[in-house]
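One-letter residues, chain by chain:
There are 2 protein chains.
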Amino acid sequence: MEHISGGVCAPKGFKAGGVHCGIRKNRVKRDLSLIISEVPASASAVYTQNLVKGAPIYVTQRNLADGIAQAAICNSGNANTCNADGEEIAWKMCELTAAQANLDPRNIIVASTGVIGQPLSIEPIANGMPALMAAVNGNGSQEAAEGIMTTDTRLKEVAVTFTAGGKECRLGGIAKGSGMIHPNLATMLVFLTCDAAIAPQMLKKALADNVKDTFNMTSVDGDTSTNDMVCIMSNGVAGNAEITAEGTDYDAFCEALNEVTSTLCRMIAKDGEGATRLLTCIVKGGKTVKDAKLAAKSVVCSSLFKAAIFGADANWGRVLCALGYSGADIDVKAVDVTFRSVKGEITVCQNGASLPFSEENAKEILLEDEIDVLITLHDGDASATAWGCDLTYDYVKINGDYRT
Amino acid sequence: MEHISGGVCAPKGFKAGGVHCGIRKNRVKRDLSLIISEVPASASAVYTQNLVKGAPIYVTQRNLADGIAQAAICNSGNANTCNADGEEIAWKMCELTAAQANLDPRNIIVASTGVIGQPLSIEPIANGMPALMAAVNGNGSQEAAEGIMTTDTRLKEVAVTFTAGGKECRLGGIAKGSGMIHPNLATMLVFLTCDAAIAPQMLKKALADNVKDTFNMTSVDGDTSTNDMVCIMSNGVAGNAEITAEGTDYDAFCEALNEVTSTLCRMIAKDGEGATRLLTCIVKGGKTVKDAKLAAKSVVCSSLFKAAIFGADANWGRVLCALGYSGADIDVKAVDVTFRSVKGEITVCQNGASLPFSEENAKEILLEDEIDVLITLHDGDASATAWGCDLTYDYVKINGDYRT
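Protein chains in written order, with my numbering: chain A, 2 to 405; chain B, 2 to 405.
Please keep in mind that the hints were generated in silico from the structure rather than gathered at the bench. Yeah, the Cβ is synthetic: ideal placement off N, Cα and C, and Gly gets one too.
Distance windows between CB atoms, simulated:
no. : chain 1 : residue 1 : chain 2 : residue 2 : range
1   : A       : 328       : B       : 344       : 37 to 43 Å
2   : B       : 154       : A       : 120       : 41 to 47 Å
3   : A       : 381       : B       : 89        : 28 to 34 Å
4   : B       : 154       : A       : 122       : 44 to 50 Å
Below, a list of computed lysine-lysine pairs in the DSS-like style, where the Cα atoms sit at most 30 Å apart:
no. : chain 1 : residue 1 : chain 2 : residue 2
5   : B       : 291       : A       : 291
6   : B       : 213       : A       : 291
7   : A       : 334       : A       : 288
8   : A       : 364       : B       : 30
9   : B       : 364       : A       : 398
10  : B       : 285       : B       : 344
11  : B       : 364       : A       : 30
12  : A       : 213       : A       : 334
13  : B       : 26        : A       : 364
14  : A       : 26        : B       : 364
15  : B       : 398       : A       : 364
16  : B       : 398       : A       : 344
17  : A       : 213       : B       : 291
18  : B       : 213       : A       : 334
19  : B       : 334       : A       : 213
20  : B       : 26        : B       : 93
21  : A       : 334       : A       : 285
22  : B       : 334       : A       : 93
23  : B       : 398       : A       : 398
24  : B       : 344       : A       : 398
25  : B       : 288       : B       : 206
26  : B       : 93        : A       : 334
Assemble the whole structure, with the sequences as input and the hints as a guide.
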């Protein structure tokens, strides 16, 4: 598998673009994005488990009931959530896209992100649609990625190649997500494209299995958004024999999917609101995968530990504390904890108790911008990885006055 | 019921005190406290549900197995948790206290709070014990409250009177707690004293029932500590006929207990690490009490909403979002949300959708230091209250470098 450039436009037969249509007052920031496949594609999506769901979620769920889509439209600056006319507006976005691109409106994926509870006017979207259509092109992935960003500071884009049925296939993705990141079964906004031929039911299975180990193991602030969605369109333009069952080709597809999604998870966690460090918690020796996952996620979710990491403080007691309330079935007297970065690694806790260690050495390791917390539970052979970030002044600043 | 001064020394037959013995380097801060009853008292405690438990928790559990205690010793500056010799040290604290006060060491409640995973030397405690005993007196509640504080900025003390069996009884308490506050069945360090005669099993029931609605509904940062404990000693010196069953006297006792514990909850939440505002979420119209509790607690735990409250931003979308992922069974299309403070109240969401409101007016209300969030679910008649605080720069500052 090889990483390539091009994001969602890397797979054959996909075009994308993004423009500023006027939902945001800031004229520099693009706020409307479009991804189009030249032919109808197998498509699937997973959605937020929040009971309060953005209106576009309901419309997309209906549109994807047949497992087919051909385009995805997304605005930033307004979540179109908790609005009385929300679904009407979201459907209108599909109709406008379909009219402009000569597609069936029921083949459109629609998404919105931004402030909750403010009516979304269709006007700027309707007015901006011709410019958006004109902007769409085979190199437009970056512009599309920009158009879906909110408090993100970095563009999130990735693509890989893989082989199925002897044909080179490509899978690419863009994502937004910086705050309100604590997905449960689905997460954030992630648009994935692929040119492999794969049956809708196999695509659905691959995506559903994948998010459990990737987006569902990522947390910035413990808040599960109302508008989370990960969607994928796979259009078959690569010319491989359609993947209709498990086997070598399906495995190659899943491997490529995991490479793209786990890369996006790291990008999202590292760009968590206010974050200065990417935190990766790797748990080994768990009794079951469920226990390992609970343990890993509890550590990256602990406000106290996240603040300690901001301060480059090797406060491993907070790791033990987070393991203890995680709900995982673990023997707390058997836990080892090691901190690691490019500067080296240092074991700070063995058998659940303190080890003498050099605070100076630990500080040097923790001052890096990517920190791994390695936890061994000595209780079995299950493992899990979770991604998070530190808790900083800027998280508070960003969220203390988000709306104004 | 009347509030009175005196804290844990308000009930008859109790003395208390606190000194600096040298566990903390800061010589101004007291770090060792003692509460003594002149006679053996009915006693009960509830403990942290964290799998990683402080060593004093195990020793106290054993000592309270018979429902009797006569003193409580507590140090700050070191949690005596994740230490190989922890239980030995905690038991030594009981023995030293017993020797000094001429008591049975099995009648001592022991507790520790501070950094996890650093060995606790018995030396400063042994050396400080005579001075501590000399400092104990009938007006020493404040000194005892000071001795158990860590990052607390305010002393937490309360006492009330009530009548049982025609006798005036008194119930008082002190507490510490500012960070790592997200109790599950028990919480923080709270020492309660009472001079009513009450059978151990009734005391146990009263305390266990009470914490579910008070400390378990309080959260500062979502981290459940390893050393949480709420304990009570009731010594019978008031001379009432012993409370041995439910009835009028038991109800009066429970009412006094609830007044003291809910007051301490408000004090703890308001003094949350870095907090500038007390956040009280009152949910009404829930389908069940469980649903109302899940809803209320989810709102006071949302990092995003807490940051918005720091910024006095009426971002009610984050309230809806937190309700949506709370796990409560609610109809999100029926939710009303009102913000209230001494400056008035303003309804910002009705039937799950936005209401036009004056941002200026909302800001004025939210700039006060005690904010109520009133949520009506229109789904039944269950209600619940939860206490929390805002998320501020200072929370990050305090926890970014706690150990140094």
